[in-house]
Each structure stands twice: as C-alpha cells, then as structure tokens.
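A.B. asks: Listed here are the chains, written in short residue letters.
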Amino acid sequence: MVHGEVWTIKELFVYPNEFIYWSIQIVMYPFMTGLVAGAFVLSSLYHVFGVKQLKDMARFALVFSFALLFVAPMPIVLHLQFPFRGFNIFMTPHFTSAIAAFGIVFSAYGAIVASELWFIYRKHFVEIALPLKEKQDKTLFEWFKYLVFCALTLGVYDISEESLKRDEKAIKILAGVGIPVAMFLHGYAGFIFGSVKANALWMTPLMPVIFIMSAIVSGIALCMLTYIVTMEIRKILVSRKKKPSHMPQTTEEIKGVEMHVIKMTARYLLFFLIAAISLELLDLIFRGYTAVKSWDVLRSVIYGRDFVDIFILQYGLGNLVPFILFLMPGLTIRRAVVGTILVLFGVFMMRWNVVIGGQAFSLTFAGYMHYHLPIIPHDWETFKEGLGGALSIFIMPFVLFWIFNKIFPVFSFEKSH
Amino acid sequence: MKNHVFRPLLVVIGLVAIVLIARLFIVPKDFGVWERGYMYGWHRKGNEDEWKAVKVKFQGREYCKDCHSQQYSQISGTPHFRIQCENCHGPAIDHPSDPPKLNIDRRRDLCIRCHSYLPYPTTVRGKIKGINPDEHNPGIECVMCHNPHKASKPI
Amino acid sequence: MKRRDFFKLSLKGVITAGLAKGLFELVKPEHILASTSNIRRVFLIDAQECCGCGLCIKACKLENEIPYESSVSRTWIERYVLTKDGKVHADATNAGKDGFTSTKIDLGMGKYKDIKKEDIKKAFFVPKLCNQCENPSCVQVCPVGATYQAADGVVLVDRKWCIGCGYCIMACPYGVRFFHPKYRTAEKCNFCYHRISKGLKTACVQACVFGSRKLGNLKDPNDPVTKTIMTERVWVLKEEYGTKPQVYYTNLSMEVR
Chain A
1 MVHGEVWTIK
11 ELFVYPNEFI
21 YWSIQIVMYP
31 FMTGLVAGAF
41 VLSSLYHVFG
51 VKQLKDMARF
61 ALVFSFALLF
71 VAPMPIVLHL
81 QFPFRGFNIF
91 MTPHFTSAIA
101 AFGIVFSAYG
111 AIVASELWFI
121 YRKHFVEIAL
131 PLKEKQDKTL
141 FEWFKYLVFC
151 ALTLGVYDIS
161 EESLKRDEKA
171 IKILAGVGIP
181 VAMFLHGYAG
191 FIFGSVKANA
201 LWMTPLMPVI
211 FIMSAIVSGI
221 ALCMLTYIVT
231 MEIRKILVSR
241 KKKPSHMPQT
251 TEEIKGVEMH
261 VIKMTARYLL
271 FFLIAAISLE
281 LLDLIFRGYT
291 AVKSWDVLRS
301 VIYGRDFVDI
311 FILQYGLGNL
321 VPFILFLMPG
331 LTIRRAVVGT
341 ILVLFGVFMM
351 RWNVVIGGQA
361 FSLTFAGYMH
371 YHLPIIPHDW
381 ETFKEGLGGA
391 LSIFIMPFVL
401 FWIFNKIFPV
411 FSFEKSH
Chain B
418 MKNHVFRPLL
428 VVIGLVAIVL
438 IARLFIVPKD
448 FGVWERGYMY
458 GWHRKGNEDE
468 WKAVKVKFQG
478 REYCKDCHSQ
488 QYSQISGTPH
498 FRIQCENCHG
508 PAIDHPSDPP
518 KLNIDRRRDL
528 CIRCHSYLPY
538 PTTVRGKIKG
548 INPDEHNPGI
558 ECVMCHNPHK
568 ASKPI
Chain C
573 MKRRDFFKLS
583 LKGVITAGLA
593 KGLFELVKPE
603 HILASTSNIR
613 RVFLIDAQEC
623 CGCGLCIKAC
633 KLENEIPYES
643 SVSRTWIERY
653 VLTKDGKVHA
663 DATNAGKDGF
673 TSTKIDLGMG
683 KYKDIKKEDI
693 KKAFFVPKLC
703 NQCENPSCVQ
713 VCPVGATYQA
723 ADGVVLVDRK
733 WCIGCGYCIM
743 ACPYGVRFFH
753 PKYRTAEKCN
763 FCYHRISKGL
773 KTACVQACVF
783 GSRKLGNLKD
793 PNDPVTKTIM
803 TERVWVLKEE
813 YGTKPQVYYT
823 NLSMEVR
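Residue numbers (our numbering), protein chains in the order written: chain A, 1 to 417; chain B, 418 to 572; chain C, 573 to 829.
It should be emphasised that the hints constitute simulated quantities derived from the structure, not laboratory data.
We put the CB at the ideal spot given by N, CA and C, even for glycine.
Don't take every hint at face value.
Chain C side only, calculated, beta carbon under 7 Å to chain A, not exhaustive [unchecked claim]: (1) Trp648; (2) Ala667; (3) Gln712; (4) Ile735; (5) Gly738; (6) Tyr739; (7) Pro745; (8) Gly747; (9) Phe751; (10) Gly783.
Hey, can you work out the whole structure from these sequences and the hints?
C.D. replies: In structure tokens, the structure reads:
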C-alpha cells in the first residue's frame, strides 16, 4: 500500500497522488522542538537577565531542555522512509532546503546546551571523579563511574575559585548566545512549514514567529508542570521522614518556594501566550480579509471541518481556559497543574491544526482529506506513525531526564551559580 | 590549552572534523554541483545514467510489423490503427524471446475504455461511436462479435 | 606541552584539509561552465483530443514499474464536467488508469453522482504529469540533493540517496510526487528518461490514441511542438506559484485546477 493511504480518506476532487504524507510524527516534531526552545529560554531568563526568582527553575529547565534535545529529532527520524539515510543531510547538505540546515542548527544548539551544562556541572564531575581516582580497589561499577566522570571532565581538574569565576562568565555568554539560537531553531521549524508555497495554509511569513511564541509557551508550561511534580514528590519524601541528607527543608518550606516559583513563571507564560494568540489571530484575520484564491477552501476547513479542533480545543480549551485560570487571583498548585496541562494541550492542538489541518484540503482547492490516526498498529509503519509512536516520543524526555538527573543532579546541587 | 573554557569548543571542532572526514569516504565522487547550479543541480551524476539504463518495455507498432504482418495489415486503414498494438496486448519487452507469447486481453473492460458512451460533446470522446456496456450484449466478450483488428460491425 | 602542540597542529591540518575538500566539492566551476545543453524537454497537451481512455496511464505504470493496482501514478487524467447550474464536478478515480467508463462522478468516500446528459454544459478530460518546471520547488527543498534537474530540464530522483522525508511531495503545487510503493523513495514522472534519452517517445505519448500528448524540445526551433508553443495560444497550470512549468496546454479551460 502507498505510504499515507492507510490513514487518509479522500473526499470530492483530490489529486490521485495526494495523501496525508506528514502525519502525527510531524506534529510531534515542532511540538518537541518547541519544548526544547521554551525550556532553554526559561533557564536563560535567570542566567542572562538575572531573574532571581527563577533560580531554582533555571537549572532544572536546562537539564530538561537537554533531555528534550535528544528527543526532538526523533519524530523526524521515525517519519523518514529511510531513517538510516538521515545522516545524508550532514554528508551532502542542500542548503536551499529548509530541512538541510536542521542538522547543523540543531547540533549547534545542542553544543551550546551541552557546554553550558558542562560549565555548570564541571565542579560536580571533578568532585566525583577525584575521590574515585584515589580510591584503591574499585568495584566494576565504580570503575565505570570513574571512567564516565573522567571523560565528562574533559581532562580539566582545576576547580579553583578563579576558574569557577571563568565558568560563570562562560555560562552567561552561552546562555545569551543560546537564546537567539534556540529561537532560531524553533523559528526555523516554523520556516520549514511557512516556506512551503504549495500549501495555502502554511505559507505565511508569520509562521516562524508564531512557532517561536507558542514554543516558549509550551516550554514554560512543561517546565512548570515537571517542576510541580518533582516538588510534590519531594514533599512526600520529606513528610515520610525519609529525609535524605541533601534536602533539609520541611514540607511547608518547599511549598513556599514552589508557589513562589510557579507564580513567577506563570507571569511569563501569560505574556508569551498573549503574544502567540495575537499573532495567530492576526494571521487568520489577514487571510479572511485578503481572501485570495485559496480562501474559499481554507474557510471551509477552518470554520467548518476543523472548527472543533481549532476554536473549541485549541483556542478555547487550550488558550482561553488556562488564561482565565492563571489570571484569577489566588493561584493554587492544583489550578496551576490544570492550567499548564491545558496550555500544553493547546499548543499540541495548534501543531496538529497546522500540520494535519494544512493537509486537510487538496491542492485542487476542491477536495478534502481526512486524517485517521492509526491507534491499533498492525505493522511497523502504523506503529511509528500512529498513537504508539507519538506516545513513545512523548514519554522519552521523561525517561532521559531521569537518566540525566543521575549525571547532572538537579535538586541536590548545593552551591549554585 | 591554558584556558579550560575552550575545552567544549575543542570537542565541537573535533566532531565537525569527524563529519568532514566522514564526508570524504561516504559521499560518492561524482556528487557535486552540476549543470543547473547548486539550487537545482546538486546531485550524484551517476544517477542520470542509472535512469537512462532502465529497460524499455513498450516497443511500438513498427516492431510487430514483420512477424505479425497479418494483423498489422488487417488493422491498418481501420479506425483502430491509431491504437498501438501494445495498448491491447501489453508491453512487448523482449517478446518473442521473453515473453514468448503476448497476453491477449479479451475482457470487455479493454473496449469500453473508449466505447462506453459518454455524452461529452466537447471532446473526441463524445464523437467515438459508443455503446452502453450495461445494455449492449452484457456478459459476452466484445470480440465474440467484433473483430478488434478490423473495428468492424459483425456481418 | 610538546605533545599538545603537535596535537593542535595536526588537528588544524585535518580541519583545513577537510574544509577545503568540502568546499571544493560544493563548488566546481567547470561543471557549471560546461553546462549549456541544446535540449530542453517540454510537453504539449491538447486537452481537446483526450478521450479519457486511460491507455497512457496504463502504459506509464507498466513502463515505469509503478504497481498497477496502487492508487498512485506518475501521470493521470482528470475529468471535468460543468453543469448548467454553474457547478464544476471533477474526479480522477484511480488516476484514470482504467479509463472513464461511466457518467458517474466519483465524490470520494464511496459516493457517486450521476450527471445527466441534459445538465451538461461542457465536459473534458485533462491529462496531467510532472511539469518539469524551470524553477522546480521540489528540487529546491530537497535537503540532501537526491532530486535534481538534469541539463535537459528533466527533474529526476536518486533512489539511492533519497531519505524519504516527503518535503518535495509537500512542496509540489501540482501533486505529482508520491512515495513509490515498493522502493519507498520519492517518485515522479521523469518523461520516461530511459526512453527519451534513447530517442524514443515517452510511454504515454506512444500510447496516446488521438495524439493529445506530445513531447518536444524547446531549444529546437523546427520542432513542431516548439512551433505550436511559439505561435499558438498555450496555457500552463498554476503559473502563480512561480515554478515556470514546462508542460503546455492547448484548449484548456479556466476551471482546470
């Protein structure tokens, strides 16, 4: 069967070769890169602009951004018909294509995040590696740990006051450089869509900017959510008196800090949410007002077929409701959780409505295509481009975060920069 | 390095070098910018020859002329002469060595492509003598009554 | 320190060599200079002469090894039926490979609409195939250089290099591209490159019963196709995308999408 035929249903006049070729994984791709960029921007707010209130969040956001970073290219790789040939974009990049630079922009960004992490955790690596070096009969595991951390120090064992000062400076510079690169990485994901002139819904110069704004929104929301979850776990640990040595607070103290951080971040969330919605509405109004050739079919998709997806789920449930939730005075943790989940859902629906919605109508402007997400997989393709694939992608950053947390401890870190 | 700050940069440079060196081995030698410039002509030249080497399947009417002169002369001059033999018999490829015999398609589907009447006066289709396949002797192969090579009505 | 210096030096050496080689491969001036080809393949379609028999589609699929039963095709036929109430009905069931044998218009999702003879204002068939654009947007967006334009203007796909991202499929305003059901790489009409490079006609041109399809060379002023394009009224599809399509039509109607 032709790729795409399984999940596409055609209606009225559609060219024979048209199918929904870009499916759920391409929805996941901008969603995930959005989270990466957003999380990084959040962490930079502290490092660069010195927003002190975000101190606790900053380090956490950075490590999480690093975990997400590894997941972000996965949707594309899974979507490729030949995943192993994906390396070709490093071998023979064709820079007139928006995708070609992906590998380079992405790696550059990855290098920045990794370096920043290295500077933050360098001291930690040395502190682990040195005692292990001294230790006489190491167990196999300790050997392994020793080698890993030795490699991680990159051969630098100097943790004098002076060198740490230099680290701090480097962190500041990297975080500063990182912001435009993170923006670029994601704005560029928007460019991939916005530059497809054949697609009437995608083609708008606003696309990259819209993508950046919603990226930051989703990144902040995810950080808030994960932050709350980890804080709750800490609370439970503390109340059970299983108090490990490195977390000396009481439940009340944790709660105070938590609420404070959440309130702070929520403000930024709202700001970017407003920016994102205004841009999207501007785009919509502009399309309706100029009403070029494609508007007839676009209108029938936006106000007709995809009405529920766009106006009820995305704008209503995903934007308006959390907006009200965060604006109402007396923000509680529970309301913040509901709010962030809804914001994440809203951003996901926005990606969905762009990617799937952009293929909901035919190039003939006289026919429609309906997407049916494969839920029960019956082969590899319907798994990876179905619910299973999407869920795996969604869970992966959390698993990675759990692993990274062992190398870059987020919470037990005493002296911060 | 006196300054440890540049360590990560070294790592990055090392990785870039690895990719560049890998390019030397992996990228085919004939991959480059060809006639149409970098925008449209960035490709592996050898692929053009790969496409040129694809096997030709349809031979054309003149190919059949010598061996099937009977059918050829029969059909020439009739309105069906404009139809290539292979349209009805399938691609000859290396016939008669491979396949030794071409398929003879006697299904009604073959004929109603053109002869099922469609009321489209503005095209040639509307001018071909048509029948309604549901009414014109349904169930019986057209060639039972009509000679396809003569495009004739039954006598 | 000495060892380190040596390391630094050799690293620098490797990088410069790699970069130089990489850049050199990117731009090879001699290739661009030696380019002017005296062939520019174009196509001319007379929409009036198409009878909708679909024999060209059949020939194309068999010639180019596109599984016959699959719904995709390198070329296809569209049917347009305009009724007296001003509506445009169009379909292209199965790319038209089995011809149009019924007056019923395919509405998709298993529904059909029969249009009576009395209601028809005008009706016609339009064969479609790759436009081998002068500025192919599909080539522009290929991230790895797996699709490209040959010197004679034909756009080809490298099946050994294509990563299957589908960006070219999304970028084509004409919807001619698809994933090959067997090879899983991007696939498109290439004017039967193996045939035209041997001086043969394309499979569809050869199969066409009423001469609706014609292949030509725009750089040859004596080519009858070129003469028609130069001297008669011709039309191209979706000119507004700026791709400069090179499949010309005569007797086309404005309703064609």
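A.B. asks: For each hint, tell me whether it holds in the structure or not.
C.D. replies: Hints, one by one, checked against the model:
no.: 1; hint: Trp648; verdict: holds, 5 Å
no.: 2; hint: Ala667; verdict: holds, 4 Å
no.: 3; hint: Gln712; verdict: holds, 5 Å
no.: 4; hint: Ile735; verdict: holds, 4 Å
no.: 5; hint: Gly738; verdict: holds, 4 Å
no.: 6; hint: Tyr739; verdict: holds, 6 Å
no.: 7; hint: Pro745; verdict: holds, 4 Å
no.: 8; hint: Gly747; verdict: holds, 4 Å
no.: 9; hint: Phe751; verdict: holds, 4 Å
no.: 10; hint: Gly783; verdict: violated, 24 Å
Hint 10 alone, counting from the list given before, is not met by this structure.
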